[in-house]
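Starting from the given sequences, assemble the full structure and let the hints guide the process.
What follows is the residue order along each chain.
Number of protein chains: 2
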Amino acid sequence: MKTPTKISPAVIKRLPRYRRFLIDLRKKGIERVSSGALSELMGYTASQIRQDLNNFGGFGQQGYGYNVDALSEGIDAILGLCAHYHIIIVGVGNLGRAVANYTYFYKNEFEIGAMFDIDPAVIGTQIGGVTVQGVDLLSDYLSGHDVDIGIITTSRSSAQSIADVMVGCGVRGIWNFAPTDLEVPEGVALQAVHLSDSLHELVYYINNQK
Amino acid sequence: MKTPTKISPAVIKRLPRYRRFLIDLRKKGIERVSSGALSELMGYTASQIRQDLNNFGGFGQQGYGYNVDALSEGIDAILGLCAHYHIIIVGVGNLGRAVANYTYFYKNEFEIGAMFDIDPAVIGTQIGGVTVQGVDLLSDYLSGHDVDIGIITTSRSSAQSIADVMVGCGVRGIWNFAPTDLEVPEGVALQAVHLSDSLHELVYYINNQK
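Note that the protein sequences, when read in sequence, are chains P and W.
Using our numbering, read the first sequence as starting at 248 and increasing by one per residue.
Using our numbering, read the second sequence as starting at 248 and increasing by one per residue.
Please note that the accuracy of each hint is not assured.
Copies of the same chain are indistinguishable here, so a pair counts whether it falls within one copy or spans any two.
[Said to hold, decoys possible] Derived pair list, reagent style SDA-like, types lysine to any residue, alpha-carbon separation capped at 25 angstroms:
1. Lys-274 with Glu-430
2. Lys-275 with Asp-366
3. Lys-260 with Ala-439
4. Lys-260 with Pro-426
5. Lys-260 with Met-289
6. Lys-274 with Ser-255
Quick caveat, the hints were computed from the structure, so don't treat them as lab data.
Since we're looking at a predicted model, the values are computed, not measured.
Right under this line is the structure:
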C-alpha cells in the first residue's frame, strides 16, 4: 500500500460507508467486487469509487476489481480501526446510554473505561458493568488514565467546559452530541453529531424534493 | 425574498448551522451581524457566507450586514420550520427514547403521535405521555393518520421493512438511525444519522491530524 499523502476530508467521510458495504459483501461470502458493482450498490459513480480508493493505492486490479477482504482490511487500517481505544462518556441520559450500548457491540476496538454524570440519581448506577461516577471526579480520572476518546452527551450548557477538561487532560479526540459547536485546540480531533441539523435538513427535503 | 431556484445540497446542509448561530446571537440581543463577524464565529469565509445567503436573496444590505431576526426567520421559512410536523418513532430503546426526549424540546414544530416497539416489556409503557404500541399496529396507525416523519431507531435487520411500511402508507420523510443504508422511492425524503461513520471518521483524525 502506498503511503497516503494528504487525503481530502470528503474521501475520509466516505470511507466508513465503503467499509459498511464491504462488510455486507463479506458476510454474503463475496470475495471480489468491481467498481461498477460497488457503484450500483452505493450510488457513487464507478470513476468516483476508483478515484477514492486509488488514494490508498494497490487495492484494485484491472479486470479483477477489488478483493473484498483486502479492501475492507485496508480501509480499517487507514481509519485506524485495528487499534484499541479507551473511551469515556460524560452525560448518562438516554443518549449517553444509547451511545454506550452502541459501543458495546465493538468491544474489540472501543472500551468504555468510565462514565460520568451530574445527577445524584444516576451516579453509582451500573451500565454494562461500568459504575457511573460524579462529574467532579472527571479530571481525577483523566489524570490517572490515558483516554483516547471523550464522548460528550451532556446538555448544551456544560458541553464546552467538559470538553475543556478533557482537552486539558490529554484526551485525543472528542465525539460531541451536545447541540453546540465546541472549540478545541489544534491537535485534538473533534466530530459532532448534530441531531437538529439532520432533522432540519430532512424537513427541507420533505418540502423541497431533491 | 426571491424564490429560491435550485439550491445545492451543500448549502442546505449548512443552513441549520447558520440557524443555530443566529439563534445564539438573538439570545444575546444582537440585532445585526456582518458576513465578516459570522465568518469569525462559524469558520466559513465571509465570501462563502455571502454566497450561501445570497441564494435566498434580500437578507443582506451593503454596509449594514444582516438583520439577525430577519435572517433567522428567513432560514426557518426556507427549511420549513414554521409548519407543524406529525412524527412517529419505531424502536423505543435508549436511542428511540433519546430522540423522543430531543423532540419534546421542539413541541411547536414536531409532535410525536405514536411510538412503536417489538418488545412486550416496552409495549404499553408511557413515554412523554405517549403509550408505546406493538409494531404490528404500525400500518393500522399510518392508515388512519397523516404522518410527516417516521423515525427509525430499530435494529439494522428490521429497518428496511419498517421503512417500506412507512413509505407504503404515505410517510413523507424518514429519519434513520439504524446502521444501514435504507432505500426509499423518489419523492420520499431520507436523512440518516450513522453513528459508526461519525466515530470512524473521528478515529481517523485522532491518528491523522487535519
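Here is how each hint holds up against the structure:
1. Lys-274 with Glu-430: between (40 angstroms within a copy, 20 angstroms between copies)
2. Lys-275 with Asp-366: Neither, since 45 angstroms and 28 angstroms both go past 25 angstroms.
3. Lys-260 with Ala-439: both (13 angstroms within a copy, 14 angstroms between copies)
4. Lys-260 with Pro-426: both (21 angstroms within a copy, 16 angstroms between copies)
5. Lys-260 with Met-289: Both. Shortest intra-copy (14 angstroms) and inter-copy (20 angstroms) distances satisfy the 25 angstroms Cα cut-off.
6. Lys-274 with Ser-255: neither (29 angstroms within a copy, 36 angstroms between copies)
Of the hints listed earlier, those the structure fails to meet are numbers 2, 6, in rising order.
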